[in-house]
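Residue numbers (this note's numbering), protein chains in the order written: chain A, 1 to 188; chain B, 1 to 167.
One or more of the hints may lead you astray.
[Claimed, not checked] If you want the footprint, here are the derived chain B segments under chain A, 3+ residues with CB under 8 Å:
1. 20 to 34
2. 37 to 49
3. 80 to 89
[As the list claims (entries may be wrong)] Straight-line Cα separation of at most 16 Å, EDC-like style, residue types lysine to aspartate or glutamate; simulated pairs:
4. Lys177(A) with Glu84(A)
5. Lys95(A) with Glu159(A)
6. Lys125(A) with Asp103(A)
7. Lys13(A) with Glu60(B)
8. Lys13(A) with Glu26(B)
9. Lys177(A) with Asp129(A)
10. Lys122(A) with Glu84(A)
11. Lys10(A) with Glu26(B)
12. Lys89(B) with Asp13(B)
13. Lys95(A) with Asp186(A)
14. Lys10(A) with Asp27(B)
15. Lys95(A) with Glu166(A)
16. Lys31(B) with Glu11(A)
17. Lys122(A) with Glu160(A)
18. Lys188(A) with Asp110(A)
[Said to hold, decoys possible] Partial list, derived from the structure: chain B residues whose beta carbon lies under 8 Å from chain A:
19. Leu3
20. Glu5
21. Leu16
22. Met55
Hints are computed from structural coordinates only; laboratory data are not their basis.
All C-beta atoms in this analysis are idealised placements derived from N, C-alpha and C, irrespective of residue type, glycine included.
Single-letter residue listing:
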Amino acid sequence: MEIRKLLYRKETKLVTLLLTSMLIASASAAVYYGMYARSTATVAPAAVTFTSGGDSSGVYTPGTNATYASLTLSAYPNVTLYYEQAVNISASANKEVRLRHVDISPGDGDPSVSNFTSVVFKLIKTNGDVAGTLTYTVSGDDWTEPSAPTTYAAITSGEEWAIRVEITAAAGANTGKSVTVTIAVDVK
Amino acid sequence: MILPEFFALLSIDVFLLMSLLTCLLEDRFPKALPYIYQIAALVGFGHLLVSREFMALFGEYMRFWYNFFYLLVAMGNIVALNLYLALEKKLWALAKAWSGAVTFPIGLIAVFFVSNYSYLQGAEFPMLILQLGLVISAIAMGVSVSILLSPDLLNKFRRRKEVTKWK
């Protein structure tokens, strides 16, 4: 009987409601905070950007914010052409970088593929060491693409590395044939 | 920058506040009302959870409108309680106190955050109405606070009015 009386007392009701209110309010605030933290994204300058290299003249076209680059390279039949510094990458913070294959066209089975022998991209450190290589070779009318990205290599803030490109066209290659290679520089 | 779910969070707090107030004034309100408001707050909590899970799917526009609707429901309840005290129970003093201590301050907070959100997000919201609401709520709240701090102010005002009438 006494317990029933106690349950119906205003103070008991109020304390119960106060406790459940605090629980609901704090749980709701926690959910909102979780959503807020999940949706916050701050724009900052890219830590690794493309810059002109020693062989970039007439070859390299920078993209917006220098976060992508377009290279127009030449190839001669039965000759390997080296672009020692086709484009450079510059770091403004300590990061790790690697090269990764994205796409190549014309694709496998296209007769124009046989006009090329190989396309090689090398990531060259400041001291001249090779940090990674992506090699594309031709077998008949098919490309043999790199099976995996290069391993991540540490680049320190202020360093500038080169991307070296080596292109070999096949003996007797037809003039005007072209290949478009898309690669990515992954940064972490 | 605030997320549209902030309005749901605000509404949950409003429902919880009303639950506690109706419990304190339980002689003047139906007995079940505090619990109904607790359930309304829990519905809002569920609402937040659903919003979190489907955040990308729903999009900012849709999220704003359903959260804003929930805020409108909460605000509507405050006004309804105010009218219930004034018209149904004829408790004029309590109704005035409720409007000064609950309706207008919460209205001020709600209008402030809605106008802030619509300004930052560039939402097509009637800014003039919002600003008008903000000013009216601020004035009503200011007057209420002044009367609360010095109750004689109202009597002085009444006396002056009577003197003017006699002249």
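Results of checking the hints against the structure:
| no. | hint | in the structure |
| --- | --- | --- |
| 1 | 20 to 34 | holds (count 5) |
| 2 | 37 to 49 | holds (count 7) |
| 3 | 80 to 89 | violated (count 0) |
| 4 | Lys177(A) with Glu84(A) | violated, 23 Å |
| 5 | Lys95(A) with Glu159(A) | holds, 10 Å |
| 6 | Lys125(A) with Asp103(A) | violated, 25 Å |
| 7 | Lys13(A) with Glu60(B) | violated, 39 Å |
| 8 | Lys13(A) with Glu26(B) | holds, 10 Å |
| 9 | Lys177(A) with Asp129(A) | violated, 33 Å |
| 10 | Lys122(A) with Glu84(A) | holds, 9 Å |
| 11 | Lys10(A) with Glu26(B) | holds, 8 Å |
| 12 | Lys89(B) with Asp13(B) | violated, 26 Å |
| 13 | Lys95(A) with Asp186(A) | holds, 10 Å |
| 14 | Lys10(A) with Asp27(B) | holds, 10 Å |
| 15 | Lys95(A) with Glu166(A) | violated, 26 Å |
| 16 | Lys31(B) with Glu11(A) | holds, 14 Å |
| 17 | Lys122(A) with Glu160(A) | holds, 14 Å |
| 18 | Lys188(A) with Asp110(A) | violated, 36 Å |
| 19 | Leu3 | holds, 6 Å |
| 20 | Glu5 | holds, 6 Å |
| 21 | Leu16 | holds, 4 Å |
| 22 | Met55 | holds, 7 Å |
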